[in-house]
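Student: As a plain string of letters, each chain reads:
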Amino acid sequence: MSVAVELRACAFTHADGTRALLPTDLAIRPGETLAVLGPSGCGKTTLLRLIAGLAFPDPPGRVLFESRDVTSLPIERRNVGMVFQSYALFPNLDVAGNVGYGLRLRNVPKAERDARVARWLAMMRIPELAHRRVDQLSGGQRQRVALARALAVEPAVLLLDEPLTALDAKLREELRVELAGLLRDLGITSVFVTHDQAEAMALGDRVAVMRAGKVEQLGAPEDIYRRPATRFVAEFVGVLNVLAGEVRDGTLHLPGGSLPANGLAPGPALAGARPEQLRFDPEGTLTGRVRAAFFLGDRVRVVIEGAAANPITVETTGAAPRPGEVVRLSAAPPAPWPLPDA
Amino acid sequence: MGQDRLALAVLVAPAIAFLAAFFLFPLVLMLRTGATGPQGWSTYAIILSNERYLGSLWKTVVLAASVTAATLVISGIAGVFLARTRFRGRRLLTAFLTLPLAFPGVVVGFMVILLAGRQGVIGELTHAVTGDRLVFAYSLAGLFVGYLYFSIPRTVLTVMAAAEKLDPALEEAARSLGASPWVVVRDVIIPGLKGAFLAAGAICFATAMGAFGTAFTLATQIDVLPMVIYAEFTVGANIAVAAALSFLLGAITWAVLAAARTAAGGTVAAAG
Amino acid sequence: MTRHRGAVFAAGLAFTALVAAFLVIPVILSVLAGITANYQRGIIASGVTLLWVERVLQLYAHTIGLSLGIALAALLCTLVLGVPVAYALARHSGRLARLAEEALVMPVAIPGIATGLALILAWGAVGEFRTHWSFILVGHVLFTLPFMVRSTLAVMLAVNLPTLEEAARSLGAGFFARFRTVVLPNAAPGILAGSLMVVTLSLGEFNMTLLLHTPFTMTLPVGLADSYASMRLEIGSAYTLIFLILLVPLLVALQWASDRAFGLEVRR
Chain A
3 MSVAVELRAC AFTHADGTRA LLPTDLAIRP GETLAVLGPS GCGKTTLLRL
53 IAGLAFPDPP GRVLFESRDV TSLPIERRNV GMVFQSYALF PNLDVAGNVG
103 YGLRLRNVPK AERDARVARW LAMMRIPELA HRRVDQLSGG QRQRVALARA
153 LAVEPAVLLL DEPLTALDAK LREELRVELA GLLRDLGITS VFVTHDQAEA
203 MALGDRVAVM RAGKVEQLGA PEDIYRRPAT RFVAEFVGVL NVLAGEVRDG
253 TLHLPGGSLP ANGLAPGPAL AGARPEQLRF DPEGTLTGRV RAAFFLGDRV
303 RVVIEGAAAN PITVETTGAA PRPGEVVRLS AAPPAPWPLP DA
Chain B
3 MGQDRLALAV LVAPAIAFLA AFFLFPLVLM LRTGATGPQG WSTYAIILSN
53 ERYLGSLWKT VVLAASVTAA TLVISGIAGV FLARTRFRGR RLLTAFLTLP
103 LAFPGVVVGF MVILLAGRQG VIGELTHAVT GDRLVFAYSL AGLFVGYLYF
153 SIPRTVLTVM AAAEKLDPAL EEAARSLGAS PWVVVRDVII PGLKGAFLAA
203 GAICFATAMG AFGTAFTLAT QIDVLPMVIY AEFTVGANIA VAAALSFLLG
253 AITWAVLAAA RTAAGGTVAA AG
Chain C
25 MTRHRGAVFA AGLAFTALVA AFLVIPVILS VLAGITANYQ RGIIASGVTL
75 LWVERVLQLY AHTIGLSLGI ALAALLCTLV LGVPVAYALA RHSGRLARLA
125 EEALVMPVAI PGIATGLALI LAWGAVGEFR THWSFILVGH VLFTLPFMVR
175 STLAVMLAVN LPTLEEAARS LGAGFFARFR TVVLPNAAPG ILAGSLMVVT
225 LSLGEFNMTL LLHTPFTMTL PVGLADSYAS MRLEIGSAYT LIFLILLVPL
275 LVALQWASDR AFGLEVRR
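Chains as they are written, first to last, in the working numbering: chain A, 3 to 344; chain B, 3 to 274; chain C, 25 to 292.
Worth double-checking, as some hints may not be accurate.
So, partial list: chain C residues that the calculated Cβ filter (under 7 Å) puts toward chain B [said to hold, decoys possible]:
1. Leu145
2. Gly148
3. Val150
4. Ala249
By construction, these hints were calculated from the structure, which means they are not laboratory data. All residues carry an ideal CB built from backbone N, CA and C; glycine is no exception.
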């Protein structure tokens, strides 16, 4: 299996001695989009900066691009494309000037440069903005220009640092879809840093979930969601119902009743279930009282107390119970999985 | 990164070398020169117990402090008024208030002479009204007026900039809770401008301590500290005392600015 | 705000107008006196004349030339010394950088007369330096350098230069390419405002220059003081008029440049 970008034992310590990244190995496949997901301060931006060449790993960490050791190369000699959170468009240049900047540095003749700039602007669907000043652009337009600028140099890897965070919710949704399509069509290797789990799930071919300077789990979005490796991943990605009880005779006993204990060891047990792993069922063996119900458009999210030690969340597309109502629940496949303690 | 750090060192080196050669080295030498008089290092103790020097120092400090207080009150009112009201002629009035910005002290001294000197308008007016000519340009009062003239424009600018940045929601919140206009001024506007007042006041004080051109133009007999230094150096050829007094003066103004900066948490620098 | 146009507004307006009058009337008097044949008798009785302006040019033309020359030389020096420092401070926020900034600002915090005296003590006996105009230049550069650095640094921080530079690096720009294509163009408004400030301050500097100058190196403000002390009021006024003609356009340009440079922070 060939590798586009590889980190070998890369750690990073700040000048003041704080450890931003623990020794990390990571291999990114050619053409894949890797989403790096985690809360702020987890080291995800440090990871991106190590790949970019804006920061350098503590020895003996190495960074390789297609098996070539680039550890000592600064960013300007790595041929990466980078989209910054603030976009960092050059205010002294117009849109075309920004997009063509990297080509100018590479001494691409003007005629060809103009043609390539025009092509990228067309691909981003903003050809009419070529001679606009960057401070006259909307957030979404800035994002497109930043992307065009990074891609115009045909980088070995595209690095995106929270590229959608600065946008409002609706535009973010729109550009997320567009970006996913673009990355797929171009087949470019990319690393995408975000704190938004929905974004990571939607855009990443694989997702690396990070916490406290460490990659907790690396896998396909579905694996991360369905088979979280740690309690942190389970809680950070999606909605999690924590079911703490005791397993006796193949049944998980909870404060409000019981559920089948598929695969859970006898004794005190901690299980996790996504909202869709529980359903309203008049014949159900778990009872609770509705605390609140939220209308989400295509479904209703219901929070139930008394069934487990903590409130649990169940979603339904059918008629939702009202607050105060007593409801019965049963397990929907797949069954609740054992939850790691830490 | 190493290459970058080297580049940065190269960038800063010329300025630091210049500063070291023409500022830090001369300052140290001046401190040393203060001790080359017949009394050696005790020159510093002697000037602090000498009645004439001490009196001059006090006079300078009191003058600078009263100029600062008056400037802050006047510029505070005018600055807040200009920043918070909109009327025709506001821009022109602002331009008038900031016109003498960066006038050198000598020119300011001349302006005071034109106002309150022997041929000044105030003299003409009082002569016409009372028969007596009011002339105060060549005294401490003239110096006070000159320093006001000098300090108001820059302080007005600072106050206006700060007043425009005040969050109007704070005032609206206070009023929604029942605060009267005067209470709003006391509880919202003045605390909001505290930083600007502190910064502008420190600059005003330090400038008034060291300003020299105005006093030089108005009269040689006003014995504020810079004038005493000048006299000791040129007329008295008393280089050790001049150096010691200069060092003292520099230390006081620098300390005031540093203290204000620490208190305001921002950046404060003097000018003029 | 337009609702309570009552007594408070009137009082505020009257007060502000009074302060403005205090500041502007002497300037008008000075300008008038400079073109009045005999100030004692008044402009109407004695008539308008350019005689005093001509006298000033005969007596003091060399001070104008010297001051302009020193101001331009100071500008050149502060550009060469100050812009790189501002850049370094924009990139680094460590303790060493703060210390360098503090040292750099000190010459502004210390009265000019003290700095002037120190300069004479340290360098006054070195060869022909004392009688050369570059001796004054050194003092002016000390005093104006912080203004160039501050103004440039403020704009560099407002445009978030470090991130812009990272973007340029990611596109392959080395140090010099970045400095030319990103750093200088984006810092230009701050450099312009700083430049106007340096020229304005240098033209008017007196506190230090009075000690530093020699009969061969009399600058415009020193000449002004000389004329106020030893010439008739009309000549002092005419001289002041010439100085204001040099200074006021600079002040207007400075105001415009500062608004443009520091308005950036609001726009972003």
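Student: Work down the list of hints and note, for each, if the structure agrees.
Tutor: Tested hints:
1. Leu145: 5 Å, holds
2. Gly148: Since chain B brings no Cβ nearer than about 10 Å to Gly148 (chain C), farther than 7 Å, the hint is violated.
3. Val150: 11 Å, violated
4. Ala249: Because about 5 Å separates Ala249 (chain C) from the closest Cβ in chain B, which is inside the 7 Å limit, the hint holds.
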